[in-house]
Amino acid sequence: MTLHIKNGIVVDPKNGIAGEKMDIFIKDGKIVEESEVGKECKTIDVSGKLVVAGGVDLHAHIAGGKINTGRAMRPEEMRFVRRKSNGLRAAVGRTLLTSPAIGYEYAKMGYTTAIEPATPSIYVIHTHEELDSIPIIDKATLPLFGNWHPVFKYAADKDVEKMKSFVAWVLERTKGYGVKLVNPGGVEAWMYGGNVSGLDDTIPGFGVTPREVITTLIAAVEELKLPHSVHLHCNNLGVPGNYETTMETIKLAKKFRNDNRQVLHVTHVQFNAYTGSSWRDMGSGAEEIAKLVNSMNNVTIDMGQPIFGHATTMTADSPFQFELHKLVKAKWCNKDVELETGAGIVPLVYRPKSPVNAVQWATGLELGLLVDADKIAVSTDYPNGGPFTAYPYIVTLLMSRKFREEEMKKAHQYIEKATALPSIDKERSIEEVIQMTRVTPARVLGMENKGHLGVGADGDVVVYDIDPLNYDSSDYQAILKALENPLYTIKGGEIVVKNGDVVGEVWGRTFWVDASEQTTTEIIEADLDEYFNYYTVKRCNYGVEEGWLHNPVRITAG
Amino acid sequence: MIRPKVDFEVNVEAEITPELATKPIEEIKQFKVYYGNHLVSLDELFEVEKNGSEEVLVLEGDFSRVKWVGVGMQSGEIIVKGDIGAHCGAFMKDGRIIIEGNADDWLGAEMEGGEIVVKGSAGNCVACPYWGDLEGMKGGKITIEGNAGNYIGEKMCGGEIEIKGNAGDFIGTEMKDGRIIIHGNCGYVGGDMKGGEILIGGSFELVPAFVKTEDGFVGDVNVSGQGKVKALK
Numbered sequence: 001m002t003l004h005i006k007n008g009i010v011v012d013p014k015n016g017i018a019g020e021k022m023d024i025f026i027k028d029g030k031i032v033e034e035s036e037v038g039k040e041c042k043t044i045d046v047s048g049k050l051v052v053a054g055g056v057d058l059h060a061h062i063a064g065g066k067i068n069t070g071r072a073m074r075p076e077e078m079r080f081v082r083r084k085s086n087g088l089r090a091a092v093g094r095t096l097l098t099s100p101a102i103g104y105e106y107a108k109m110g111y112t113t114a115i116e117p118a119t120p121s122i123y124v125i126h127t128h129e130e131l132d133s134i135p136i137i138d139k140a141t142l143p144l145f146g147n148w149h150p151v152f153k154y155a156a157d158k159d160v161e162k163m164k165s166f167v168a169w170v171l172e173r174t175k176g177y178g179v180k181l182v183n184p185g186g187v188e189a190w191m192y193g194g195n196v197s198g199l200d201d202t203i204p205g206f207g208v209t210p211r212e213v214i215t216t217l218i219a220a221v222e223e224l225k226l227p228h229s230v231h232l233h234c235n236n237l238g239v240p241g242n243y244e245t246t247m248e249t250i251k252l253a254k255k256f257r258n259d260n261r262q263v264l265h266v267t268h269v270q271f272n273a274y275t276g277s278s279w280r281d282m283g284s285g286a287e288e289i290a291k292l293v294n295s296m297n298n299v300t301i302d303m304g305q306p307i308f309g310h311a312t313t314m315t316a317d318s319p320f321q322f323e324l325h326k327l328v329k330a331k332w333c334n335k336d337v338e339l340e341t342g343a344g345i346v347p348l349v350y351r352p353k354s355p356v357n358a359v360q361w362a363t364g365l366e367l368g369l370l371v372d373a374d375k376i377a378v379s380t381d382y383p384n385g386g387p388f389t390a391y392p393y394i395v396t397l398l399m400s401r402k403f404r405e406e407e408m409k410k411a412h413q414y415i416e417k418a419t420a421l422p423s424i425d426k427e428r429s430i431e432e433v434i435q436m437t438r439v440t441p442a443r444v445l446g447m448e449n450k451g452h453l454g455v456g457a458d459g460d461v462v463v464y465d466i467d468p469l470n471y472d473s474s475d476y477q478a479i480l481k482a483l484e485n486p487l488y489t490i491k492g493g494e495i496v497v498k499n500g501d502v503v504g505e506v507w508g509r510t511f512w513v514d515a516s517e518q519t520t521t522e523i524i525e526a527d528l529d530e531y532f533n534y535y536t537v538k539r540c541n542y543g544v545e546e547g548w549l550h551n552p553v554r555i556t557a558g
Numbered sequence: 001m002i003r004p005k006v007d008f009e010v011n012v013e014a015e016i017t018p019e020l021a022t023k024p025i026e027e028i029k030q031f032k033v034y035y036g037n038h039l040v041s042l043d044e045l046f047e048v049e050k051n052g053s054e055e056v057l058v059l060e061g062d063f064s065r066v067k068w069v070g071v072g073m074q075s076g077e078i079i080v081k082g083d084i085g086a087h088c089g090a091f092m093k094d095g096r097i098i099i100e101g102n103a104d105d106w107l108g109a110e111m112e113g114g115e116i117v118v119k120g121s122a123g124n125c126v127a128c129p130y131w132g133d134l135e136g137m138k139g140g141k142i143t144i145e146g147n148a149g150n151y152i153g154e155k156m157c158g159g160e161i162e163i164k165g166n167a168g169d170f171i172g173t174e175m176k177d178g179r180i181i182i183h184g185n186c187g188y189v190g191g192d193m194k195g196g197e198i199l200i201g202g203s204f205e206l207v208p209a210f211v212k213t214e215d216g217f218v219g220d221v222n223v224s225g226q227g228k229v230k231a232l233k
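Which chain is which? The protein sequence lines are E and W, in order. Using our numbering, read the first sequence as starting at 1 and increasing by one per residue. Using our numbering, read the second sequence as starting at 1 and increasing by one per residue.
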């Protein structure tokens, strides 16, 4: 199918197009030159409307063990009907959406790609089955490495060669896209009732520190030339005073160099950007973190913006989840995943009148406003900060000072003392928010065909009912309405959303990275055999074959 | 006035509220309800009569298999001359429901306001939250002249429940606020109670995690609760 999107006003920061009247052509799922399109082309006229690439979410827990356990744990979530079937599938869920709801809701706000950022490798078959049941969007998953016994062992030995082999072996077995770390060392310590407090605590049983785990893995990922860098959830998440650990962690990237992309992506930084020594005097460390990130060219971050209202926190950071459960006294579920990792789940409500929640909300926005647009991506760390369906709300907050003022009036006034948000007058331009929701996340992930509209890019195009050359940032209602209801969402050349409603269902792809050409698994064969003596799964049954995936795309590293 | 035409073989799900009574008779008759898994019009199952235009629904006959009557109602009155099925008055915000017979389970579940009076007895889970939710009844009043079953006022956050007869086990479990008055006897009371008040006229069993004070008991200490369980004077 070929498609001609006519007379739109294109904003495509990657290709230097900042509001030009242009036509876009899509053929066979790719963006092409006009000359390649024949006569049997469908034309849609979008005169004067904003035309951009499909959104890319680089961090949303959309599939796998945690979200599924969360769904079982919270039957009350399923009372929220988002969409009756109307010929497609029914979609329910307030903060824990069902798989069809995830695909539809992303498409409904103009997103066409989302990455599941935390999969225990032993559960990866299930993760892929769930990813495959999410319609429309393209996806990928990042296996968890930060608390895995072989990783500790190779980091303790400073053996980058073996670490490379292990990473390549895991990516092949899991059909994973990159390397995710969650509270490196902390989850292992939790198995003995503890945690690590910073980069230099010793991980029990292995004589190695989080600092060594992180740097050895960065070295391995860089040598393997993976498209995506190490994706890190820092130590000390959700603890007042943790911004110091975060800054120290970000500085670890200074030792490494990559001309094409960052060497470290630090995720949901809002949860790692607090000053103070207790919940009574906590404040925002966002300004200092923003200064540091802006001064470096090999680190990127995403926001982890909390949204006032219901959320369900779920992370592989089990010690933190236990503390949260004690703090908010909500129901709790813990998961220990053999030698690999762990997880915890706790429902949460972010209340605007709670000083702590208000500071969290303001801290995320400070980061979103102060960090350079090419170094930060929009995220809620779904469903930890709230549903991803709030992205239009977040983007509107970034674009409109007036909207922020209105929302700040609802929040606890402690934010005036503890954060810099009330004094920030900055309003993000359309180019900047398109950068933060498309270009930056695509570049962070190393997805060359995502996030832009150049020839050869994926045919994922969104049309919003807003004129980028002539809009009023104080009329935030109009901006929010436009972002929540795209005129069109086009996925791979197919129209899937029209006037804010899903009209078609296509099947997305699952990307995975094959790094086997960069290394050999021979050097870790004996280690793997030894390792599987302590596992409930035999080595020959471990992982998932490519044929099991619905629509896999193999990307060769290097 | 609504009256069943037949004895129902399966449950009916009828989300009727007093607002319906103000509509033209034809619209009332065409109101859709579920009979088992069939979507049917109200007048296929019930005789429907319209007297006046007040916001009052009168249900006459055996409604014990009719569920969700008065769900989320915001005003007006429902009078049930007979028994009523499960989930009656769930999510109710205001108005009044008077049940002259007995009520089934989930009476006034997650109710926010208004009043429910049961002349007979009620089933289990009166004023409860639906499974998984953190907040049960938040406001309003439920009066039960007869007895009530187990799990009364679980996770209750406000409002009042008065039971003139006896009640079962697990009263006020995880209760946060509000008041439960039981004139008769009941079983276990106050597990994981965080706040609110339970007043009991007859005998009761207290979970062990309560501290005796001058005028009753305070607990549940396991959750640092400040709930009060007292004898009804």
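No wet-lab data here; the hints were simulated from the structure. Check each hint, because a few of them may be wrong.
[Claimed, not checked] Beyond 10 angstroms from chain E on every Cβ pair, some chain W residues (computed): (1) K23; (2) I79; (3) D133; (4) T143; (5) G187; (6) V223.
[To be verified] Taking lysine-lysine pairs in the DSS-like style, the calculated list, with each CA pair at most 27 angstroms apart, reads: (7) E/K329 to W/K176; (8) W/K93 to E/K353; (9) W/K50 to E/K326; (10) W/K29 to E/K84; (11) W/K119 to W/K81; (12) E/K84 to W/K81; (13) E/K27 to E/K42; (14) W/K29 to E/K326; (15) W/K93 to E/K410; (16) W/K228 to E/K326; (17) W/K29 to E/K329; (18) W/K32 to E/K84; (19) W/K176 to E/K331; (20) W/K119 to E/K329; (21) W/K32 to E/K331; (22) W/K81 to W/K50; (23) W/K138 to E/K410; (24) W/K138 to E/K329; (25) E/K331 to W/K50; (26) E/K353 to W/K32; (27) E/K331 to W/K138; (28) E/K255 to E/K353; (29) E/K326 to W/K93; (30) E/K329 to W/K50; (31) E/K410 to W/K119; (32) E/K255 to E/K225; (33) E/K353 to W/K176; (34) W/K194 to E/K353.
[Stated by the list, open to error] Far from chain W, by Cβ distances over 12 angstroms, these chain E residues were calculated: (35) N15; (36) I17; (37) A72; (38) R74; (39) E76; (40) E77.
Keep in mind the model is a prediction, meaning the values are calculated, not measured. Even for Gly, the Cβ is constructed at its ideal location relative to N, Cα and C.
Evaluated hints:
1. Non-interface status of W/K23 relative to chain E is upheld: no Cβ of that chain comes within 10 angstroms, the nearest being about 24 angstroms off.
2. Every beta carbon of chain E lies more than 10 angstroms from that of W/I79, the smallest distance being close to 29 angstroms; the non-interface claim holds.
3. Not every Cβ of chain E is farther than 10 angstroms from the Cβ of W/D133; the closest lies at roughly 4 angstroms, contradicting the non-interface assignment.
4. Non-interface call for W/T143 relative to chain E: holds, since the shortest CB-CB distance, roughly 27 angstroms, exceeds 10 angstroms.
5. For W/G187, the condition that its CB be more than 10 angstroms from all CB atoms of chain E holds, with the nearest at approximately 24 angstroms.
6. A cut-off of 10 angstroms between C-beta atoms contradicts the statement that W/V223 is not in contact with chain E; the least separation is 7 angstroms.
7. Taking the CA atoms of E/K329 and W/K176, the gap is near 12 angstroms; set against the 27 angstroms cutoff, the hint holds.
8. Proposed proximity of W/K93 and E/K353 is supported: the alpha carbons are some 24 angstroms apart, at most 27 angstroms.
9. For the suggested pair W/K50 and E/K326, the alpha carbons sit about 56 angstroms apart, so the restraint of at most 27 angstroms is broken.
10. Annotation: proposed proximity of W/K29 to E/K84 holds, straight-line Cα distance about 25 angstroms (limit 27 angstroms).
11. For the hint pairing W/K119 with W/K81, the CA-to-CA distance comes to about 10 angstroms; that is within 27 angstroms, so the pair holds.
12. In summary, the hint linking E/K84 to W/K81 is not supported, as the alpha carbons are separated by about 36 angstroms, beyond the 27 angstroms threshold.
13. Between E/K27 and E/K42 the CA atoms are separated by roughly 11 angstroms; this keeps the pair inside 27 angstroms, and the hint holds.
14. This hinted pair does not check out: W/K29 and E/K326 have alpha carbons roughly 53 angstroms apart, beyond 27 angstroms.
15. Among the hinted pairs, W/K93 with E/K410 is consistent with the structure: their alpha-carbon atoms are about 25 angstroms apart, no more than 27 angstroms.
16. Taking the CA atoms of W/K228 and E/K326, the gap is about 23 angstroms. The hint holds against a cut of 27 angstroms.
17. A C-alpha spacing of about 48 angstroms is found between W/K29 and E/K329, which places the hinted pair above 27 angstroms, so the restraint is violated.
18. Between W/K32 and E/K84 the alpha-carbon distance is near 17 angstroms, which keeps this suggested pair within the 27 angstroms criterion.
19. Restraint check for W/K176 and E/K331: satisfied, since their Cα atoms lie roughly 15 angstroms apart, inside the 27 angstroms limit.
20. Between W/K119 and E/K329, the direct Cα distance comes to roughly 38 angstroms. Violation of the 27 angstroms bound is thereby established for this hinted pair.
21. For a cut-off of 27 angstroms, the pair hint linking W/K32 to E/K331 is broken: about 38 angstroms separates their Cα positions.
22. Taken as a hint, the W/K81 and W/K50 pair is honoured in the structure, with Cα atoms around 16 angstroms apart against an allowance of 27 angstroms.
23. For the hint linking W/K138 to E/K410, the alpha-carbon distance of about 23 angstroms falls within 27 angstroms, and the restraint holds.
24. A distance of roughly 19 angstroms separates the Cα atoms of W/K138 and E/K329; the hinted pair therefore holds under the 27 angstroms criterion.
25. At most 27 angstroms may separate the alpha-carbon atoms for a hinted pair to count; E/K331 and W/K50 exceed this at roughly 49 angstroms.
26. Of the supplied pair hints, the one linking E/K353 and W/K32 is violated, its CA atoms being roughly 42 angstroms apart against a limit of 27 angstroms.
27. Distance hint between E/K331 and W/K138 is fulfilled; the C-alpha atoms sit about 20 angstroms from each other, no more than 27 angstroms.
28. About 43 angstroms separates the Cα atoms of E/K255 and E/K353, which puts this hinted pair outside 27 angstroms; it is violated.
29. Distance hint between E/K326 and W/K93 is unfulfilled; the C-alpha atoms sit about 33 angstroms from each other, more than 27 angstroms.
30. Pair hint E/K329 plus W/K50 does not hold up; C-alpha atoms about 51 angstroms apart against a cutoff of 27 angstroms.
31. With a CA separation close to 45 angstroms, the supplied pair E/K410 and W/K119 exceeds the 27 angstroms bound.
32. Of the supplied pair hints, the one linking E/K255 and E/K225 holds, its CA atoms being roughly 16 angstroms apart against a limit of 27 angstroms.
33. Of the pairs offered as hints, the one joining E/K353 and W/K176 holds, with about 20 angstroms between alpha carbons and a cut-off of 27 angstroms not exceeded.
34. Pair hint W/K194 plus E/K353 holds up; C-alpha atoms about 21 angstroms apart against a cutoff of 27 angstroms.
35. Even its closest Cβ contact with chain W, about 48 angstroms, leaves E/N15 beyond 12 angstroms, as expected for a residue assigned away from the interface.
36. Non-interface call for E/I17 relative to chain W: holds, since the shortest CB-CB distance, roughly 48 angstroms, exceeds 12 angstroms.
37. Separation of E/A72 from chain W is inadequate, the least Cβ-Cβ distance of about 10 angstroms not exceeding the 12 angstroms criterion.
38. Distance check on E/R74: its Cβ comes as close as 5 angstroms (rounded) to a Cβ of chain W, failing to clear the 12 angstroms threshold; non-interface status is violated.
39. With a cut of 12 angstroms on Cβ distances, E/E76 falls inside the contact zone with chain W, its closest approach being about 4 angstroms.
40. Not every beta carbon of chain W lies more than 12 angstroms from that of E/E77, the smallest distance being close to 7 angstroms; the non-interface claim is violated.
Violated hints, listed in ascending order, are 3, 6, 9, 12, 14, 17, 20, 21, 25, 26, 28, 29, 30, 31, 37, 38, 39 and 40; each of the other numbered hints is respected by the structure.
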